[in-house]
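Participant: Given next are the chains, with one letter for each unit.
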Amino acid sequence: MNRKVYILGGAQTDFERNWSKEGKGVIALLKETIDDGLENIGLTYNDIIELNKQGKIACFVGNFIGEYYINQGHLGALLTEVNPAFYGVPSARYEAACASGSVALDAAITKIKAEDYEIALVIGWELMKTVDSKVCGDYLGRAALYEEEAAGIDFPFPKLFGKLADETVKKYNLNKDRYLSNLAKISVINYSNAKKNPNAQTKKWFMNEEQANMRGTSTNTTIGGMLAISDCSQVTDGAAFVAVASEKFIKEYCKEDNYPIVKGWGHRVAPMRFDKKILESSDNAYILPWTRQAVVDAYHRANMTVEDIDFFETHDCFTSSEYAAISSFGITEPGQEQEAIESNRIAFEGDKPINPSGGLIGSGHPVGASGVRMFLDLYKQVTGKAGEYQLKKADNGMMLNIGGSATTNYVFIIGNEVDGDRS
Amino acid sequence: MNIKTVTIIGANGTMGCNISGIFASFGNAKVYMVCRNMESAEKAQIKATMSVKAEAIGKNLIPKTYDDLEECIGASDLVFESVREDIDIKKSVYEKIAKYIQPHTVIGTGTSGLSINDLSEYFDENIRQHFMGIHMFNPPYNMTLCEVTPSDYTNTDYLNEVKMYLKSVLHRNVVEVKDEPAFMGNRIGFQFINEALQYAELYKDNGGIDYIDSIIGPFTGRSMAPLVTSDFVGLDVHKAIVDNIYKNTNDYAHETFVMPEFAIELIAANKLGRKTGAGLYQTILNTDGSKSINVYDIVTKTYRAKEKYVFPFVKQMIKELKVGNYASAFNKLNNNHSTEATICIQFLIKYVIYGIVTTKSIGENIHSADDVMATGFNWVPPLAVIDAFGGLEAFRQIAIEKSSKEFLSFIDMNEILKDLPKSKYDYRSFFKAK
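If you read the sequences in order, they're chains A and B. Following the numbering used here, the numbering of the first sequence begins with 1 at its first residue and continues without gaps. Following the numbering used here, the numbering of the second sequence begins with 424 at its first residue and continues without gaps.
Quick caveat, the hints were computed from the structure, so don't treat them as lab data. Quantities reported herein were computed from a predicted structural model and do not represent experimental measurements. Glycine is no exception: its CB is placed at the ideal position from the N, C-alpha and C atoms. Treat the hints with caution; some may be incorrect.
[As the list claims (entries may be wrong)] What the simulated footprint calls covered on chain A by chain B, stretch by stretch (three residues with Cβ under 8 Å from a Cβ of chain B suffice, anywhere in the stretch; the number is not a length):
1) 18-26
2) 55-66
3) 204-211
Let's have the full structure, built from the sequences with the hints guiding it.
Facilitator: Written as structure tokens, this is what we have:
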């Protein structure tokens, strides 16, 4: 089952938008995203009807917890409310906390590889601004072991990733101040990259290293252990859409034939509880060994190494998770992440840029959408369509999307079939 | 352009204070905040810090008074004047600072109403070349519009360098506008708002202020209904803007800039709006701690509870917008022949036409009106309204069919709507389902 899977394109909403403030709900969100996505790939709702008659199309919806935020479940079927063209189209919702987008992508890619369908539409979304930030934090606590790690705790996830920060310092015997200033630098790189991204949530926001280092002040309050607001991604509304297709589909329906392909993937699940993760990894060089393993699997499947990857989109739900991702990607050895940060290797102009889009901290984190948004950003970069945040060299990109406290780990590598053909 | 040190004169005012925050944060400039006394300068420093939500910039903000002008101006690469909108006050400030200005220093005025050419006359020839209008909108952290206006004497290279600085360093949406009364954003915005106020008087027996706001509310492409905006800005400021435009311009919309009598009476009674506790609206704090909104009734000249008007076309539009059926929403509006729907669609048409006419006469290009309205008012921009109605041809037909005969007699609709591009802005986020 090693058939090629092509990426046709897609769309995302402007993550600055607050759909509750606009008075709009999930149907409006999905309608706009799917309309824009279909337009981008040159498909109409009538095409969907025709493809469905022949059993060639299916939909894969990524969402974490719509049941809480908007009191709505059965989210695969919900597409029928977007347009009658979806009547009869196979569609289901996929969930893996903040990696929900990736598990939907994985299912879609697998179905194309298996030749069950010829085109798959993947939609990831979350509407989070329906509740205040404290309630939002509690809902998200369901991505951890709720009873043990989240119930009755204000903002459980910042606290879990604050623990990751503590454990990182401990494991590698780091200088705490130096580590914190590196986390600040990660934050600033993401904010500054987001300034180039017209869909970024923080495009108007101000952040600099000094502010990011002023943890514990009224404009940068501490929220989880060592971590402060500047170390966190924010509560975001948004959706993202991508379409993947078989070679047969490309030949039959598309004008172009130079679409990028999925080159590799990795999917590993670590122990759910954070303390068990740390216990399990105590004799491993990597603090998040299953995150690393998902990356290694993807390299292996793609027959590639870190040398072949031009850029990364990572899951910087917190600066401490991006820090750990640096060695997981193989950019540095574990424990040496600070070198890549301090030498600007991961900055926009560096040799291994991470999050040219601004990542979750800069561009926003509507949890169920993030995996699809990263995948879309890889597509944009490798096809030269990233506009102001286009990198000079972007033939192959890797994304890491995690759910929970780095519990579900998903990695994809997307690249051009022939390097350098459009850079 | 390297702007390391900035002096803001009048830094305790809302704009002066917030703009200090923008220079100190995105610009990472040392900002001298010149105020009448040290106490207000120190207060302004804290406010400026909070306006960009970053205590880190506090050290860039230095409270100063007019006694320190020599030191501040002499050290500044840019001087921004943000004192009261009074030509004599501005003149006296310019006289005070002129002697300290360095040859390379940029001088900007934040005036929203006075002529840049007139103000430039208070400087000698050397300084004049570096003088220009730099007009931002409140609050600048959220509203990124910056209208830049050269005088006849402004050096073009210098102007372009300043524009580049504002755009790339301060992340402003820079629009160059001609030296015309109120520049562009306020001219287009207050044409709409003041005409809404006139309609409130015209339809006072139907309810007046809240009646009109219910007809052209957030579902027509804005976060706030127009008369709520006026109340927020203050009727005194509103009056200063429209009086200035009325006095110094003469286009087809001239009469729509006359402030209605009832509003002038409210100003005389110091009922200016939110800042004085009452104006067009009044917020009442109930004994149980809840708030309710009253509105000024033009007929009875008293405040009464705000009505919850239910117009079928509004209900239908909101229902469609809620689920993202934009085309259906505009069809509902277009196919409804009630008085209210007609007022609504006519206001949107007039807004588009005035936006296009204005951008053609004082803007940088055809998109300038869109830029100013989207990023200065957070209103759906004019060209985007055309897109929302299904494109230029569909809009042209609707505009001709729905406009009043009187309006059509003022303008050449076909000429104005000739060869217009699509908007750079996506209309969808502007139309609220409320």
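Participant: All hints, please: hold or fail.
Facilitator: Tested hints:
| no. | hint | verdict |
| --- | --- | --- |
| 1 | 18-26 | holds (count 5) |
| 2 | 55-66 | violated (count 0) |
| 3 | 204-211 | holds (count 7) |
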